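*Asks:* For reference, the chains in residue letters:
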Amino acid sequence: MGPILELRGVTKHYEGFSLHDVSFSLPRGHVCGLIGPNGAGKTTIVKLILGLAHVSSGRLRVCGEDPATAEVAVKDRIGFVHEVPSIYDHLSVEAIASIVRPFYTRWDQPQFDALAREFDLPTRTWFGSLSRGTRTKVALALALAHHAELLVLDEPTSGLDPVFRRELLDRLAAYVSDGLASVLFSTHITGDLERMADYITFIRDGRLVFSSTREEVFDRWVVVKGDPGDLDEGTRQLFTGVEVGAHAFTGLTDDAPRARTHMAGRDIVIEPATLDDIMYYTGRTC
Amino acid sequence: MLNLFIKDIKVGAIFLWAIVPLYVVTALQVSRVGAGFFWVNVTCASLLLVAVSMLDWKNEAEPFVHSLPVTRAMVVRARYLTVVMVGLVSLVIGSAIGAARGISLMMRAEPWPRWMAGDVGLAFVLVFAFIASVYLPCYFRWGFGKGNVAAALVLAAAGIVTDIVGPAVTGAGAPGGGLFYEGVPRGLVSQGVAHVASRYGLAPAGVLVLGLAAVLLWVSAQVAARGYRRQEF
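So the sequences go chain by chain: C and V. Sequential numbering from 1312 applies to the first sequence in the numbering used here. Sequential numbering from 41 applies to the second sequence in the numbering used here.
Keep in mind that the hints were calculated from the coordinates and are not lab data. A quick note: this is a predicted structure, and the numbers were derived from the prediction, not measured. Please note: incorrect hints may appear among the correct ones.
What the hints assert, rightly or not - Heads up, incomplete: computed chain V residues facing chain C, CB under 8 Å, no partners named:
no., residue
1, N43
2, F45
3, K47
4, I54
5, L95
6, F104
7, H106
8, S107
9, V110
10, D203
11, R270
Note that the Cβ used here is the ideal one computed from N, Cα and C, for glycine as well.
Construct the complete structure from the given sequences, taking the supplied hints into account.
*Replies:* In structure tokens:
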């Protein structure tokens, strides 16, 4: 079976922003974390996958199909949770579920009812009066109740309390464990991904920085700390980004062995980079 | 498409039920003064039309709607179906109120009002179909805000044109009165439909009007779908 999600050279132009030549894929049964600073293009990728925006050029396949030509079939297999779910404020959760239900060929009402109980959803309460976290839970229950093959989550955990956040991550891990379903998880709370993502895709300024397995990312990327006096043009070339303070510099590199060799004999500390480090130091030149 | 139509009805129900009593009260009062009732009916029906379209915009629900297994063309077609239903509901309300007014007049030994007749009902269908066929492409192309302004400008222009063309065609206002049907609401369409009905009969006029309305809405739906195809959320 091919990847559930495949982007090849995908480009999207907006006035003032472009997503350039993005390529990555997500195999079935895995979680892919989509990271990047605000405005990097994460939400644009999510919109392209859902058909909310049109691809300018390149190839996008979801479940092996082109969303532009098989829109209904593709969306039937996607579950989506928006960062701030906006549905209909004046409708109850129950009414919203009754609207959504007939659209999906694999809607599972007992599953939705079970999720509503598990998430403690007030099914008779107006959606507009729910907290942001509860709205996210509603959207998640709707997404999970139709057995989506691809869950697309756009910053889903930002409004959730830590307890439910942890539960959600466990649930997502269980969701993909059958090897058929996959999750694309766009977030800036990178701790969530360090715990559960199989793949990490990093977007910055509309360009793909990398898309690798989590192990590759943490094996390759390191943070080097040392005396600013040890920095020269040659050593600067080692780093993808470097920040120089009064007493120390911190550099980020995806080539740890080269950094070790090049800076041998100098008083440096090399630490594994976190995703936060990678996001923060990439492109930093001061 | 049917699911989207049902979605429109379920989402709009609370607002439609809020507007309908106001609609009934206003129409009841205006029906006392005669043919102006027709235009109140058209206005209330148009309010329902705008209210249905407003709900997705107000709730910022378009990304949600378009994340469902639907295409943009399906959303457009379903909205036209909703609008047909809105037109029918308005026609039923208007007819019921008009009939009630007619009965009360007859009970006072007064004649049945001319404005409460089949040809006026047909004129309502045509006017409402025209308004919807202007409004919806504007809404789908430019959204609720700009779309409303664009539709208002086009409809205002159409109103001015018919005000100029109308008397010239019907001869109303000219010496002898021309083709002006007393008691029928003023306006090119209502007078025109009354003329066709009086000349060829109500049934052929009905076929003509319903055919025209269907063509208007069909062409409009094609334009709306084209405008909405490139829309992004």
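*Asks:* Confirm or reject each hint.
*Replies:* Against the structure, the hints come out as follows:
no., hint, verdict
1, N43, "5 Å, holds"
2, F45, "11 Å, violated"
3, K47, "5 Å, holds"
4, I54, "6 Å, holds"
5, L95, "7 Å, holds"
6, F104, "5 Å, holds"
7, H106, "6 Å, holds"
8, S107, "4 Å, holds"
9, V110, "7 Å, holds"
10, D203, "39 Å, violated"
11, R270, "7 Å, holds"
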